[in-house]
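Chemist: Sequence:
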Amino acid sequence: MQQVFLGEEYNLPFLSQTNDPRIENNLYPFVFLNTDGNLFIFANNRAILFDYTNGVVVRNYPTIPGGDPRSYPSSGSAVLLPLRDLQGGANVTAEVLVCGGALKGSFTSANNGNFVGALNTCGRIRISDPNPKWVMETMPSARVMGHGVAKMTMYSSSTGHPQVLLGGI
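In full-length UniProt numbering, the protein residues as written are 1 to 169.
The set of hints was computed from the structure by calculation and includes no laboratory data. A portion of the hints provided could be inaccurate.
The calculated label-pair distances, taken between Cβ atoms and stated as ranges, are [unchecked claim]:
1) P21 / N91: 25 to 31 Å
2) R22 / T53: 32 to 38 Å
3) T93 / S141: 26 to 32 Å
4) V92 / R22: 39 to 45 Å
5) M136 / N60: 39 to 45 Å
6) N120 / P62: 18 to 24 Å
7) T53 / D20: 25 to 31 Å
8) T63 / V116: 19 to 25 Å
9) M136 / N54: 30 to 36 Å
10) R59 / P140: 19 to 25 Å
11) T93 / H147: 20 to 26 Å
12) Y52 / R22: 36 to 42 Å
13) P130 / P65: 17 to 23 Å
We put the CB at the ideal spot given by N, CA and C, even for glycine.
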């Protein structure tokens, strides 16, 4: 196994900014490599595009609608959807799907013996768009502890939209 070190240590303020005190809904953020070489980082309910070679936040994305946490310990899931038109160079569209998670405050509620249901929504965002916006969809049932897996069979041949499959998101 080879380790790669990219230079100096960098303190990412985004992780402090997305921390909910005493709950920490930003542990294990979702991280994907964007088509421009920067990192898309989603923690809690917010995301940034991060230029890791220069240690600079390139873009702040809008908060996912509803504002509920999606990353661990709320345990939603995320996947970078398959890229299309790879010959398009800078015009390749990158889209991330974030599904499930838990209602804000559910961790505290559970500690008090009140167990609330998981989220039944997914948010899609085209992270490479100049003016990205979240598009929300409702799943047939609420989900936590899932793993996003991009499979070509996830797409309906008639609509081109992702389909929820057994073993999928």
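Chemist: Next step is simple, just say for each hint if it's right about the structure.
Modeler: Quick rundown of the hints versus the structure:
At about 42 Å, the CB distance of P21 to N91 disagrees with the hint of 25 to 31 Å. At roughly 34 Å, the beta carbons of R22 and T53 sit within the given window of 32 to 38 Å. In this structure the hint that T93 and S141 lie 26 to 32 Å apart at CB holds, the actual value being about 29 Å. Between V92 and R22 the beta carbons are some 41 Å apart, a value that agrees with the proposed interval 39 to 45 Å.
In this structure, M136 and N60 break the distance hint of 39 to 45 Å, their C-beta atoms being roughly 19 Å apart. Our hint of 18 to 24 Å for N120 and P62 holds, since their Cβ atoms are close to 21 Å apart. Under the hint 25 to 31 Å, the C-beta atoms of T53 and D20, about 30 Å apart, fit the expected range. Distance hint check: the CB atoms of T63 and V116 are about 21 Å apart, consistent with the given range 19 to 25 Å.
Checking the proposed 30 to 36 Å range against M136 and N54 shows it holds: the Cβ atoms sit about 33 Å from each other. In this structure the supplied range 19 to 25 Å is violated for R59 paired with P140, their Cβ-Cβ distance being about 33 Å. Checked against the given bound of 20 to 26 Å, the beta carbons of T93 and H147, roughly 23 Å apart, stay inside it. Between Y52 and R22 the beta carbon distance is about 29 Å. The supplied range of 36 to 42 Å is therefore violated.
P130 and P65 have their C-beta atoms about 20 Å apart, which keeps the hinted 17 to 23 Å range intact.
Violation of the numbered hints given earlier is confined to hints 1, 5, 10 and 12; the remaining hints are satisfied by the structure.
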